[in-house]
Amino acid sequence: MDDVAEFEQQRPRLFGIAYRMLGEASEAEDVVQDAYLRWRSGHGPVQTPAAWLTTVVTNLCINRLTSARARRERYVGPWLPEPVATGNDPQELVERRDTVSLGFLVLMEKLTPPERAVFVLREAFGYTHRDSAEVLGIDEGHARQLYHRALGRLGDERRRFDARPADGTKLVERFIAATVDGDVKGLEAILTEDAAIWADGGGKAIAAREPIFGRSNAAHYLAGLAAGPRARIARLSVIEVNTTLAVLVHESGALTGVLVPEIHDGAITTIRAVLNPDKLAYLRDQLD
1 MDDVAEFEQQ RPRLFGIAYR MLGEASEAED VVQDAYLRWR SGHGPVQTPA AWLTTVVTNL
61 CINRLTSARA RRERYVGPWL PEPVATGNDP QELVERRDTV SLGFLVLMEK LTPPERAVFV
121 LREAFGYTHR DSAEVLGIDE GHARQLYHRA LGRLGDERRR FDARPADGTK LVERFIAATV
181 DGDVKGLEAI LTEDAAIWAD GGGKAIAARE PIFGRSNAAH YLAGLAAGPR ARIARLSVIE
241 VNTTLAVLVH ESGALTGVLV PEIHDGAITT IRAVLNPDKL AYLRDQLD
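Quick note, the sequence shown lines up with residues 1 to 288 if you use UniProt numbering.
Because the hints were derived from the structure by calculation, they are not lab data. Hints may be right or wrong, so weigh each one.
[Said to hold, decoys possible] No more than 16 Å apart at the CA atoms, straight line, and that leaves these computed lysine to aspartate or glutamate pairs for EDC-like:
id, residue 1, residue 2
1, K110, E157
2, K170, E240
3, K110, D156
4, K204, E157
5, K170, E73
6, K110, D139
Note that the structure is a prediction, hence the values are computed from the model and not measured.
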């Protein structure tokens, strides 16, 4: 197998690693492309290409995460990951559904870059502590310690993200109908008492700068959207995003938002709304 064919065989897995590491699809693509350039520029004898490429991609991601932390601290409003359509994506992105949901990617922001690397390699790709240590250039004991630190930081919250989510189609349909109708009572009926809305506009789209907490506040906020002038031209549809059902918002044919409800025990606990146009670019390309 020539170098190009070898790399293309590895590309989906490398993207799966980079996306889980960074939470940004466009950045993950850049990392994979950077790895490709390094692969093509001459790498000497490589006994196991998959291991060599994994090492390059993982360490590129660690470097990018280190600088991304500072950018995210200056981000306007809540920061959310970039959504990706997963309905027809390769197994590398969907086989461990819990590690690619928007909620879990947000939760992993608690981890340091090395902790995130070890956690992703082990939980999503089945790496042993020894394998992870070789990728990061550390000893096995340190890799084990990083993994257990990651588990401690994530705590019991990670249990919310079940790898076998229940079918929430009817609930999402009720959510759309109640939102479009501005039906506060209907929305309150499907939201938990402690429901929350996190909207990521990044200063480039109209969005709440602070999260909205509580069933009543969330219901009134959503119902208020139906009364706005943009609601008349908005068209809503449902697809699978980050392995869960999500609502796409199109205005005049252009994708302007993605609303991802998080469902537990038959009710919506959290709604993450990605409205920043920069963060919708990758998904737009997937849908075209």
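Go through the numbered hints given earlier and state which of them the structure violates, listing their numbers in rising order. Violated hints: 4, 5 and 6; rest satisfied.
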